[in-house]
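Residue-level listing of the chains:
There are 2 protein chains.
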Amino acid sequence: MLNFNFQNPTHIHFGEGQISALSSEVPIDARVLVVYGGGSIKANGVYQQVVDALSEHTWFEFSGIEPNPSYDTLMKAQAIIQSENIDYILAVGGGSVVDGAKFIAAAALFEGDEPWDILAKQAEFNHALPIGAVLTLPATGSESNGNSVVTRDGNKLPFSSPLVRPLFAVLDPTVTLSLSDRQISNGVVDAFVHTIEQYLTYSVNGKVQDRFSEGLLQTLIEEGPKALTPDTKEDLAVRANIMWSATMALNGLIGAGVPQDWSTHMIGHELTGAFGIDHARTLSIVLPSVMKVRREQKREKLLQYAARVWQVTEGDEEARIDEAIRLTEQFFKDMQVPTRLSDVELGNKDIDTLVSRLEQHGMVALGEQGDITLEVSRKILEQAL
Amino acid sequence: MLNFNFQNPTHIHFGEGQISALSSEVPIDARVLVVYGGGSIKANGVYQQVVDALSEHTWFEFSGIEPNPSYDTLMKAQAIIQSENIDYILAVGGGSVVDGAKFIAAAALFEGDEPWDILAKQAEFNHALPIGAVLTLPATGSESNGNSVVTRDGNKLPFSSPLVRPLFAVLDPTVTLSLSDRQISNGVVDAFVHTIEQYLTYSVNGKVQDRFSEGLLQTLIEEGPKALTPDTKEDLAVRANIMWSATMALNGLIGAGVPQDWSTHMIGHELTGAFGIDHARTLSIVLPSVMKVRREQKREKLLQYAARVWQVTEGDEEARIDEAIRLTEQFFKDMQVPTRLSDVELGNKDIDTLVSRLEQHGMVALGEQGDITLEVSRKILEQAL
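In order, the protein sequences belong to chains A and B.
Residue numbers 293 to 677, in the working numbering, belong to the letters of the first sequence in order.
Residue numbers 293 to 677, in the working numbering, belong to the letters of the second sequence in order.
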């Protein structure tokens, strides 16, 4: 196990009816900006629950945060923050809304030249408005971590700080019942790949971390398809297990003390930036190919993954690894996401674009060993054709 | 899954050399009381590392906290807290020292009649001195939870508050290399039974919680005996896996959203109180018997435990449960702890004493269903003869 630091103070309120916890979790004297997306929270009753819980609070609202939240949209929130002396941000939505809230919260108190530097120059900041979150789409883990990704002109740029980690997060699985199949499948695949990025590397004998990751992967494999199947999709227990898995997949715990990869994400970001592919669908296209191209570097963990997550123990090493990759692809197909560039109508001609964008963004040494050069990324993309 | 609240803000510093983190984690203007036990930290170099890390701090010390820390000992710390205006407690030791530090921290600012009420009357308190911890013995999880058990006149009395959860904990597995075999075996068994208390109940389909618990149990089963075996006992990876398992076993995570038992602990406390048996050794005596007597109530989980933790999948249900219990007892024997009352020279004549103490302490409705009456506890003790 590697040395590590771990702290995650986000207070989780999990279960049906927990949105009411807002009334006590948000300070009564706060001037709150409720931020959300396109209005689905009005259709599914979440907005009304928030309104009810904040009936004694002073609050304002800012809507229109889109998937892959854009810098330009988020900066528009600064006007109301200034005019209404907002001192608390409440994000109500999925990972994009929470990511957007984090940038809004940091930008509001940024003391540098312009908030764009937080993304473009990874400028440090020492203050951010406090954030709470009501999660409506289990996927990114953003509700209890300090990570955020913001898009400008087709470029997805991350920043991270413990200052923007939500102080609390409400996870009510009943609110996920109104999600579309596509949102559910994207969320499950996102959480699955988050786990893989922190697990499928090289072994440092971190037994707790490995088993926790394997437990999350198994849970997502079991429960994910149920959330897309008519007989079981309304089962609240299925939704609850998916929701808790997605939070645990990226709250810092399973990655503490172990190497991390993240090459699938970095390559996937370019697919979203250049061609607008849903984030999770970029991951399901890239990951199987990463497994194939990085087979030697990840051999030990691929065999462990085959045995423990898929119960594949028969045959020689090559056959077991092949089978684990095949089962991963089959799981993605069961989750109704693409596993090939051709599935999203991309081909050989588009690989140059993607590789040059990786170069432009400095993504020239990816992976847990930093040895995924542009050439290796090209191979990964070619393997995914 | 049950609704739950979960928050654990303790900052973990894990790994070799991490005691140096004290220099920045303890506020430089604090007036620190370093509390510890019998002086083993002076023999193994931990004390010197603490002294070095606090070289710029103002600190005092209070030693002599014993296993099963006593109220009378802990109250002696109040004199130096008052005379030196102590405003920060740093616990350096195992679970008893950390538990003791929690009581010291709460007693120092207690506004009621007398601090004894915190234990005897479960009196509420609104303030406690901040606590940091340097853990030397992985076992109780006290380093990142708000629980404490204090003994007075042979009675073990618990209290719990988020106010006494350590703000940070240093977990350096190298410091565990100087522990005796008995300390290691007690610690591993304690962590194992903590996990079982939150796992072996009735199913609420909490898949993440179940798999995390199973991962901890498997890790302790694999690594525990290695820490007692000459060839492997110096292996730092073994110590690291045990240390992280013990913290995760009782930091609130695996118990969030699932029923909890704790009858083994409650019955075990009377064995310590009445006969001075080491805490972990009371658990290894009582747990197999709880499994036998509560076989019907825990049937589904016993079968899951058999299959997932012990890979016992052959035979009918009764045979699989029998085998899982046998393997649990064998694990305890491998860990060199007793599994019978007769192993610690107790017999039928002592059961009346234990049952009357349970009655005296109000332990008349134990277990995840609250249906372990005194009569059932008697059966459990008789089964353990």
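Among the hints, a few may not be true.
Said to hold, decoys possible - Heads up, simulated DSS-like pairs for lysine-lysine below, C-alpha to C-alpha not over 25 angstroms straight-line:
(1) B/K448 - A/K518
(2) B/K448 - B/K368
(3) B/K518 - A/K593
(4) B/K641 - B/K593
None of these hints come from the bench; they were simulated from the model.
The hints, checked one at a time:
A hinted pair counts as satisfied when its Cα atoms are at most 25 angstroms apart, and B/K448 with A/K518 does not qualify at roughly 47 angstroms. Restraint check for B/K448 and B/K368: the C-alpha separation of about 19 angstroms stays at or below 25 angstroms, so the hint holds. Of the pairs offered as hints, the one joining B/K518 and A/K593 holds, with about 23 angstroms between alpha carbons and a cut-off of 25 angstroms not exceeded. Our distance criterion of 25 angstroms between C-alpha atoms is broken by B/K641 and B/K593, whose separation comes to about 33 angstroms.
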